[in-house]
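Student: Could you build all of it, start to finish, from the sequences and the hints given here?
Number of protein chains: 2
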Amino acid sequence: MNAHDHARSQASAYLEQLKDLIRIPSISTDPERKGDIRRAAEWLADDLRCIGFERVEIKPTAGHPVVYAEWLGAGEGAPTVLVYGHYDVQPAEIEAGWDSDPFEPVERDGFLYARGASDDKGQVFAHVKAAESLLAAGRPPVNLKLVIEGEEEIGSPHLSAFVGENQDLLKADVCVISDSGMPKINEPAIVYALRGLVYVELEVFGPARDLHSGQYGGTVHNPAQALAEIIAQLHKPDGSVAVPGFYDDVLPLSDEERAELAKKPWDEADWRRTTGAPMPWGEASYALHERVGARPTLEINGLVSGFYGPGQKTVLPAKALAKISCRLVANQNPTRIYELIRDYVARITPPTVRSEVRLLQTGEAAYVDRHTEAMQAAIRAYEQGWGSKPVFMREGGSIPIVADFQHKLNLPVILMGFGLNDDGAHGPNERFNIEMFHRGVQTAIYFYEAIAGR
Amino acid sequence: MNAHDHARSQASAYLEQLKDLIRIPSISTDPERKGDIRRAAEWLADDLRCIGFERVEIKPTAGHPVVYAEWLGAGEGAPTVLVYGHYDVQPAEIEAGWDSDPFEPVERDGFLYARGASDDKGQVFAHVKAAESLLAAGRPPVNLKLVIEGEEEIGSPHLSAFVGENQDLLKADVCVISDSGMPKINEPAIVYALRGLVYVELEVFGPARDLHSGQYGGTVHNPAQALAEIIAQLHKPDGSVAVPGFYDDVLPLSDEERAELAKKPWDEADWRRTTGAPMPWGEASYALHERVGARPTLEINGLVSGFYGPGQKTVLPAKALAKISCRLVANQNPTRIYELIRDYVARITPPTVRSEVRLLQTGEAAYVDRHTEAMQAAIRAYEQGWGSKPVFMREGGSIPIVADFQHKLNLPVILMGFGLNDDGAHGPNERFNIEMFHRGVQTAIYFYEAIAGR
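Listed in order, the protein sequences are those of chains A and B. Numbers in the working numbering are just positions in the first sequence, counted from 1, shifted up by 4. Numbers in the working numbering are just positions in the second sequence, counted from 1, shifted up by 4.
Calculated from the structure, these hints are not laboratory results. Certain hints may be false.
Repeated chains share a single entry, so a pair holds when one copy, or any two copies, can fit it.
Stated by the list, open to error - No farther apart than 25 Å at their CA atoms in a straight line, the calculated lysine to any residue pairs in the SDA-like style are these:
1. 268 <-> 291
2. 38 <-> 315
3. 38 <-> 312
4. 393 <-> 258
5. 240 <-> 354
6. 240 <-> 351
7. 38 <-> 314
8. 188 <-> 212
9. 240 <-> 352
10. 63 <-> 315
11. 63 <-> 365
12. 38 <-> 105
13. 240 <-> 356
14. 240 <-> 353
15. 240 <-> 358
16. 240 <-> 325
17. 38 <-> 313
18. 188 <-> 213
19. 268 <-> 334
20. 268 <-> 187
21. 268 <-> 257
22. 188 <-> 388
23. 267 <-> 256
Tutor: Below, the structure written as structure tokens:
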């Protein structure tokens, strides 16, 4: 039985194993979940040992550990593939709108509903099971190195150092990452660009303590109002970001690239179906797929101030907080963007309040050359897995570590996403298309074979 | 021993009793505190029975009960005084910045620190203890009726109906309310105007669910941003409210009234000391004390949207909520103001999001004639209690029921506040000046005597 047939014969077993991994609530941002993070790492390490990886280690970092596994049995003449993924997940509270327990996976209408089902447990697990099938069917044609980290959802704060300190260990010929999506299941697409990230907190301070709105209202600049006034100045009426210098380093889209992207446009009907929002918004001179993929953005991720429970409290709050993040494109420096926001906010903050912009996270954008041999192998793998030729697309999300793999390890990176854009990653009712999981396993096997020239 | 001496001899006992009342966390907005609300009503009823009131009842309403007590022993020839106060309090969580448990009163530097110490348990209890002293010293010169409600902090939703249904029971010659403050302890001031209130929730809806900011950011109008944009349009750059028609029914301040108010100006140094804010804000053509007393205002009481915990979550939130309230002045109709806000918000909401303005509460402003006989009695009582003549002032807060006492019972109302403006009502570390409590008891006795012509 070849690896492809083996994977088909094990399809339901692989899915049940994925459910077990998903049941571990490995939320990296929550200090109370540290034990679950460890448990997920150990679960993966056990599975990797069990399926035949020669060397499996849970490598400590200053934060959550990295699971490292290698099988070098293909020998020195064969290419080495480095697979990167993450076993940590975003927070998920059932009250946020989940129809079922986010950590008890449920199959419904061909989807597996659970936090992490798509982002990224399901996608990285497709590679683990591809490796298992190849190992079960004989000698895999490539050497394999797996790096599965536990801090992607908090911005991979320690992975860059890990990569820098382990350059020899991680030596490979190509890096493959499955942590992205495509618009439609039957129209395969390869992501070649990811956005970078800068995450800040903007806090506005007014009176020294919460005040009675009747006794002081009308004489004190309300910090919640002042925060709103500042936020309202972060965008121009045309939907562009108003922070001076924000677009300075953005490389313009070439006509060739616009044409390539236009092969897979994001039509408004589909946009309406997946967002449920009244109508599109944003930079009118760019198509919807260009706005998320090729343009930097600034989003308010959260607001909090004063009293917001049921009922009423006539408080004049002492302070107001906004969580704000920017998605950046290639050639933008996240730290520089933070400084631009900080300076602009300082300039537009009126003297009646005080403001602070605190940097929480940065991550570089990534841009992948579409003309490498590795990319030809990826195109072939998708054609075999899907039965049709993939198109190229830009992805709006961020995987900051991609830039490190490119620059520190000098590796071509292939973003081999098995997710769908409406998987609901980071939101309630995240799901993974079960067919995509199985195609993912097959496509990963095809890719390893294509890289080896088979 | 006359009533004044009796009160002096019982000063520490009265303070200890007040502490017991304060220890009951009678938070009217919190459904889980219903038992404590009941307990506070029973505690008061027991005390009123014990000190000699002839008829004491806990009267049910559709919400929290009203404590009603009467002593009519002065006879039909004597005037009847109706005292109004409230035994419910604002919410208080120690995490909001309290230096000690909000429901365990602490004496420090002449102040009693606790939620409700000033607003309004301490102030209404001064009347209870004034009655106790008069009853202990012989036959009081006036008939007394006390109405102490449990829903003032949630806008007295059932007291208006209670007053309407009990017009005979509440028949009196004057109504006195101690639920306000003065700027300085040794400069007595009588409040003659209170602001009305309209409390609304403004909610902005965008996508059908929380989205991944990378996958959708740049194409969806972020509801937190849209809310900020709407809020930023609620005021003009000059600090006035931008809602069209907002000021239409505001009566201009007469020169005589401005001169009277200017006797007790709010100087900027004092404003800075009590607010701790960087510098004043608001309508520049009005003095600070006019902005809070004589002008209507619009305040953001709270904001909430998306993710606001520690760390980061790159969510594009589905919705954003603001709690907003207006303080209104005499002749403004709160329901009309709600309609103006609702219509204005509907007009400025862009088609890329949906918004709702929901009415939570209304309360009418109150304006008291400064030239009645009852007011002359109040002036005399303050002169005796303080040793100096009181000035008149407007108060920025709201006691919506005052308008009902004026119009439904056709009673002159006296606002006999024993609080100080920096008591921190509604905020953390609320406190009551202990000297103000004792002067309050004395001044209430003087007032009852003055009303009786003694």
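Student: Taking the numbered hints from earlier one at a time, note which ones the structure violates and give those numbers from smallest to largest.
Tutor: none
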